[in-house]
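Go by the hints and put chain B onto chain A.
There are 2 protein chains.
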Amino acid sequence: MLEKINLSKKMDKREFKETMNVLTARLGMLQRECRELGIPVIVVFEGFGAAGKGTLINRLIQPLDPRGFKVYSIGPESKEEKMHPFLWRFWTKTPADGRIAIFDRSWYRRVLLERFEGLTAEGQIGYAYQEIVSFEKMLSDSGTVIIKLFLDITQEEQKKRFHKLLANEETAWRVSKKDLRRNKHFEEYKVMNEEMLQKTDTDFAPWTVVEAMDKEYAAAKVLCTVVSHLEKQIEEARASAKTPESANRRHTAGTLFQASVLDSVDLSLSYTQEEYKMHLKKLQKKLSLLHSELYRRRIPVVLGFEGWDAGGKGGAIKRLTKCLDPRGYAVNPTAAPNDIEKTHHYLWRFWQNMPKAGHIAIFDRTWYGRVMVERIEGFCTCEEWQRAYKEINDMEEHIANAGAIVIKFWMHIDKDEQERRFQERMSIPEKQWKITDEDWRNREKWDAYEEAVDEMLIRTSTTYAPWVIVEGNDKYYARIKVLKTVVDAIEERLKQT
Amino acid sequence: MLEKINLSKKMDKREFKETMNVLTARLGMLQRECRELGIPVIVVFEGFGAAGKGTLINRLIQPLDPRGFKVYSIGPESKEEKMHPFLWRFWTKTPADGRIAIFDRSWYRRVLLERFEGLTAEGQIGYAYQEIVSFEKMLSDSGTVIIKLFLDITQEEQKKRFHKLLANEETAWRVSKKDLRRNKHFEEYKVMNEEMLQKTDTDFAPWTVVEAMDKEYAAAKVLCTVVSHLEKQIEEARASAKTPESANRRHTAGTLFQASVLDSVDLSLSYTQEEYKMHLKKLQKKLSLLHSELYRRRIPVVLGFEGWDAGGKGGAIKRLTKCLDPRGYAVNPTAAPNDIEKTHHYLWRFWQNMPKAGHIAIFDRTWYGRVMVERIEGFCTCEEWQRAYKEINDMEEHIANAGAIVIKFWMHIDKDEQERRFQERMSIPEKQWKITDEDWRNREKWDAYEEAVDEMLIRTSTTYAPWVIVEGNDKYYARIKVLKTVVDAIEERLKQT
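Protein chains in written order, with this note's numbering: chain A, 1 to 497; chain B, 1 to 497.
Errors might be hidden in some of the hints.
If chains are identical, the list can't say which one is meant, so a pair holds when it fits in one copy or spans any two.
[As the list claims (entries may be wrong)] Taking lysine to aspartate or glutamate pairs in the EDC-like style, the calculated list, with each CA pair at most 16 Å apart, reads:
#, residue 1, residue 2
1, Lys322, Asp65
2, Lys434, Glu36
3, Lys390, Glu136
4, Lys356, Glu136
If you are wondering where the hints come from, they were derived from the structure by calculation, not from laboratory data.
Looking at chain A on its own, in the form it has when it is part of the complex (with noise of 0.2 Å):
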């Protein structure tokens, strides 16, 4: 993309500032209606040193509200953040419904900077492209406008530039080693900018490139480029809130011969007294030993637990925690989102949650409520919870990628022994806050849900990040089944590291 670009575009004052008058006044607007409308709206400043990444933004910032925007400027990756998956600092800053997120540099890094510098091995680099046209695409699915600007200037001018702010000692501090590094080596670098752009130029989130050579024509161009995508999603958002909704037909071809995981399920398992006594505490005395060691190690460990009402989630948990270091582990339960939580992307509260390494973090419920209860409750469209399929694996592979042991448990019970459960909820004082209408409103949806269920076992289960069923009629069969699949799970990854 950057071969063809003309690069001697220039503006005179006067037309500038007419130009600029116009647009600045009509961004203004425009970001007022996207709050309205409650788009997020994410810009993106890449390209090369010293091409004017700093004063472009702040063009671009003036004539906005700075109630709605946010600046990120990021550097190399802290201590903290290299602890986590690389697209956690990224997921933990989208923006909110109506704002915008201006990001000066972004997970471009790792593919341009860190890739020259050598920090990205050279193995990596497609699956980091793949993963970071997959995080863009669900941002945009869900409807946030991302605008991505590449500033290019020349060679020449980068070394100009240079010099200047190197010949004053108020500004040579800007100019790093790395900098020069770069401009001297400009073709290859360039190289690698060019592989970045055509491997992430999409229909959803296209690269605009600027031409800085001329600050003018530049700061016309990126504030020109903003409007116009701004002014299209508007426009869709806008069309789309009129036509009736389609989204929710229920796709039902193919429910016939339809795989039941569920129904083969034996329910039958279970344990004396005597032998789950003496399973647990030898399983939690390893478990104990092998969380010291993973925090040795900085292994992270994700834990999904999903199940029926009353199917034993809180006591497995209990189990599971009971002798586990209080640092080093947290559970992390998942109530219908809030206020703040509601205006983000649906995985956004999760990643908020990721364990950095050598932590274990649990969920009590997951980001699968997208599949199971907004799917029937109909909280979002058909075509999102059937997306969500592909979001959800794409995010637990990243996470999986970054070294994390992922597991998910089913704690599955039937319809009979719930009922007993909630009976016995009701029966006992201390127990009846455990249990209120709602249970039994979702009782009554058991069809629906194991339809759903069944599906998200079949298209969840993976590799990286498997499903386990814990047949869970039986208290202390379910406990000790996953007691024993988390410490298998970690001795396993202990012996191949």
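Positioned in the frame of chain A, the structure of chain B alone reads:
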């Protein structure tokens, strides 16, 4: 407090089991009550190394609903944390209403471990105690229960435990050289602990020393202490809910002789357009260079803007940020608190945006809402806003002591000028969104605001964080005064350091 402790206390197995059964059931119930009543709870674990903090914390959280608590393990400050005022990392972790935050080590590190290691200068110790007490008082005053547990063991017992850990390959890494050094110089370290206990044992956040030689005795005492603190607070919360609100009586004594700062402001000050343009250009250029110098010297800057509606805050902020590097500043607008913010201490949300070293944080409206709009609209009680003057002064002192430049601007116009500006906004289509019915309603309360502002300016203008009253009837004059004040303050500071 440690002198009189009898460390030989024990508990037999059966007594322990019975006690724990009662306490764990009670604790689960109390947690639910705290949630219903919206009571935030902080539990701090301090004490000698190897006293069993990890195990005891796990004992405490087992009966708790994981939806309601979080454990924070407080190690040495990270790079990011070092670039903020000391209390920043604790303020941002204070629990929301109805939630429990458990600290494994805490803000006491500074006067214990770090003091022992010589990281905290002896001259800072006195001030450090003062800051801790002030921090705990603010939280306690706003209804947070603070439970502080100090785990006590003998030098010999500690040595024995360290050696047991060292003897096992899997646990040896848990004992550091620093641990051994503190064991060797136990008496010296104990004196520091003793002093800390004395200086920070207050009626609103008392210490409980837990004899931790016998693990079961210690576990029972920890749970029992937490249970009794919660019971007391719940009882008080219920009682105060019943008594009629007497807190909102206005303290009117003294208003007759009240000093008026605003009356003596000379609103006729003005600049011609040429003067304005000349000053503006010069000051913006200067500021741009100073910003870069601030960054290099790692000096943070906090600028607060308050003033009458249409007083010119936005315009002044625009001129101020025009030539700044967007990577080094952020404008933080303050609207009515959102759902999450409402469940925290009123200062919590401002702590989130305190700048790190070398950055400028501009607040468009500030924490002074507490003593203006919240006071006038009755959003907080009279006791609360009266207490706020000291709370705000303490916060600003803490930030200034951490090295920040702190300036607050009051953008002042008279009532006629406000009306003129409101009318102008109504008549220009692009500006109509800026004016709402609420602005007109607020205008009717001008006199009440004037009284509140006068009191605020007097009580909270300090040497470390002065108020600057900006004569705002002439916009040119106002903008230049703001810019010049900021430039002068930075230059002054750079001279000193």
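Here is what the structure says about each hint:
1. Only between protomers do Lys322 and Asp65 lie at most 16 Å apart by alpha-carbon distance; the minimum there is 14 Å, versus 50 Å within a single protomer.
2. In this assembly of identical chains, Lys434 and Glu36 lie within 16 Å of each other by CA distance solely across copies; the values are 15 Å between and 39 Å within a copy.
3. Taking CA atoms no more than 16 Å apart as the test, Lys390 paired with Glu136 passes inside one copy only; the shortest distance there is 13 Å, against 48 Å between copies.
4. In this assembly of identical chains, the alpha carbons of Lys356 and Glu136 never lie at most 16 Å apart, being 23 Å within a copy and 30 Å across copies at closest.
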